[in-house]
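Trainee: Whole structure, please, built from the sequences with the hints as guidance.
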Amino acid sequence: MKGKEMDTQNINLLEGREKQVYEKTAGGAEVDIACEKTSLSGSVSQRACVFCGSRVVLYPVADAIHIVHGPIGCAAYTWDIRGAVSSGPELHRLSFSTDLQEMDVIYGGEKKLYRSLIELIDQYQPNAAFIYSTCIIGLIGDDIDAVCKKVAKEKGIPVLPVHSEGFKGTKKDGYKAACLALMKLIGQGSTEGISKYSINILGEFNLAGEAWIIREYYEKMGIEVVATMTGDGRIDAIRRSHGASLNVVQCSGSMTTLAKEMEEKYGIPFIRVSYFGFEDMSKSLYDVAQHFPERPDIMEKAKEIVRDEIRKYYPEMQKFKAALAGKKAAIYVGGAFKTFSLIKALRTIGMSVVLAGSQTGNQQDYKNLKEMCDEGTVIVDDSNPVELSKFILEKEADLLIGGVKERPIAFKLGVAFCDHNHERKIPLAGFIGMYYFAREVYESVMSPVWQFAPRKGGAQ
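Our numbering puts the first residue of the sequence shown at 135, with every later residue one more than the last.
Everything labelled a hint here was simulated from the structure, so no lab data went into it. Certain hints may be false.
[To be verified] Calculated cross-link-like contacts (lysine to aspartate or glutamate; reagent style EDC-like; alpha-carbon spacing at most 20 Å):
| no. | residue 1 | residue 2 |
| --- | --- | --- |
| 1 | Lys478 | Glu413 |
| 2 | Lys478 | Glu574 |
| 3 | Lys478 | Glu450 |
| 4 | Lys529 | Glu152 |
| 5 | Lys539 | Glu557 |
| 6 | Lys478 | Glu434 |
| 7 | Lys559 | Glu530 |
[Unchecked claim] Label-pair distances were calculated between CB atoms; the ranges are:
| no. | residue 1 | residue 2 | range |
| --- | --- | --- | --- |
| 8 | Glu353 | Met237 | 45 to 55 Å |
| 9 | Tyr241 | Lys559 | 16 to 26 Å |
| 10 | Val538 | Gly484 | 26 to 36 Å |
Everything numeric in this text was worked out from a predicted model, so none of it was measured. Positions of the beta carbon are idealized from the N, C-alpha and C atoms, including for glycine.
Mentor: Below is the structure:
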């Protein structure tokens, strides 16, 4: 197993998964991890579908209605799955569906969609509406573009089709569909009054209020935040976002497409950042400040924020590090960029990473991941429960960091768990977020309950 795809006899990989798993070993040959491909049939992938990818990106836009055109199960699957909070309207917390039945499938659902849109717009008076196509719509061929165009003309608000039929690809294709829908809004508003020293924050979804934490840092530096896409998002802010001087991309997997589109159409440059962990949070402030060299006061303010925030939390972090030193963590999250930040953050509190994986990483992401990881770390793309369980046991991980679908895996194996996905209710971004993360890891890993778990030597 020297620097190559893992031995399938040792870890029982499904046939066809070999090239998506790699163990970093000393002196091993470099092997490119296969990625950006559809999930293997029968592997019970931890990924979601195209529709879910688009829905989780657009869902936090709080003053729009979100209508799922298809069977009710699709709407139920994604209802309220993000902990995205709003400072005002909360239309995004409501889940609407056309609830197509058998006769609708036979005769088409366009009339039902039209009636649903008219009724909902009249009742809720939204600033826009997003219409999500699901698998069945792609099969029966409803022309949702025509319906959206008709309703937009009648009601005078943007009615935006999101072509997110689940069978069209992977979760990343859903991200692209969401970005294309947002591009139809961007450029439609006035840029009057926008400061030269301004940014858009892309890929920040205001989970547990994280966008407010980040926005406050930038505003203290003297930077205007024109729009956050899409956490605590507003249609009017999105429409005028082309007036910003810089796009700052937090979730690169979901929003890089939008950043590239805005750069091509409006000439707005973009940078990739992470708001997780002391190191990356500090860098994200410095990188924005460096974009405005004619204002040295912005950089000075950034340094002041970093100095004050780290001074505030450093003593507590040292206490966590003393207890957690030598513990091992497994990471499996959506975007690879998030994995980078988690590795750095875990090292800050004395923990090593023995498993690192993502659902949507690309070749460059995995190349960077190989360089970051320690010897013996297993790197996976688009994993499944059997693989994750096997690696956690073989590498003797003390902690699994993932989302709601990974939680049961950890608890069944008697391993501590930290939720780093979109349904959490505690902010993990910013300097205070790193403190919350370290505290959660400490409380979970050091809990006495694990002595009773079978894997830890308890009763079988």
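Trainee: Each hint should be assessed against the structure and marked as holding or not.
Mentor: Verification of the hints:
1. At most 20 Å may separate the alpha-carbon atoms for a hinted pair to count; Lys478 and Glu413 meet this at roughly 8 Å.
2. For the suggested pair Lys478 and Glu574, the alpha carbons sit about 16 Å apart, so the restraint of at most 20 Å is met.
3. Of the pairs offered as hints, the one joining Lys478 and Glu450 holds, with about 18 Å between alpha carbons and a cut-off of 20 Å not exceeded.
4. For a cut-off of 20 Å, the pair hint linking Lys529 to Glu152 stands: about 18 Å separates their Cα positions.
5. Simply put, Lys539 and Glu557 have alpha-carbon atoms about 11 Å apart, close enough for the 20 Å limit, and the pair holds.
6. For the hint linking Lys478 to Glu434, the alpha-carbon distance of about 25 Å lies beyond 20 Å, and the restraint is violated.
7. Among the hinted pairs, Lys559 with Glu530 is inconsistent with the structure: their alpha-carbon atoms are about 28 Å apart, more than 20 Å.
8. With their beta carbons about 54 Å apart, Glu353 and Met237 fall inside the hinted range of 45 to 55 Å.
9. Under the hint 16 to 26 Å, the C-beta atoms of Tyr241 and Lys559, about 43 Å apart, miss the expected range.
10. Between Val538 and Gly484 the CB atoms are about 27 Å apart, so this pair conforms to the stated range of 26 to 36 Å.
Checked against the numbered hints above, the structure violates hints 6, 7, 9; every other hint is satisfied.
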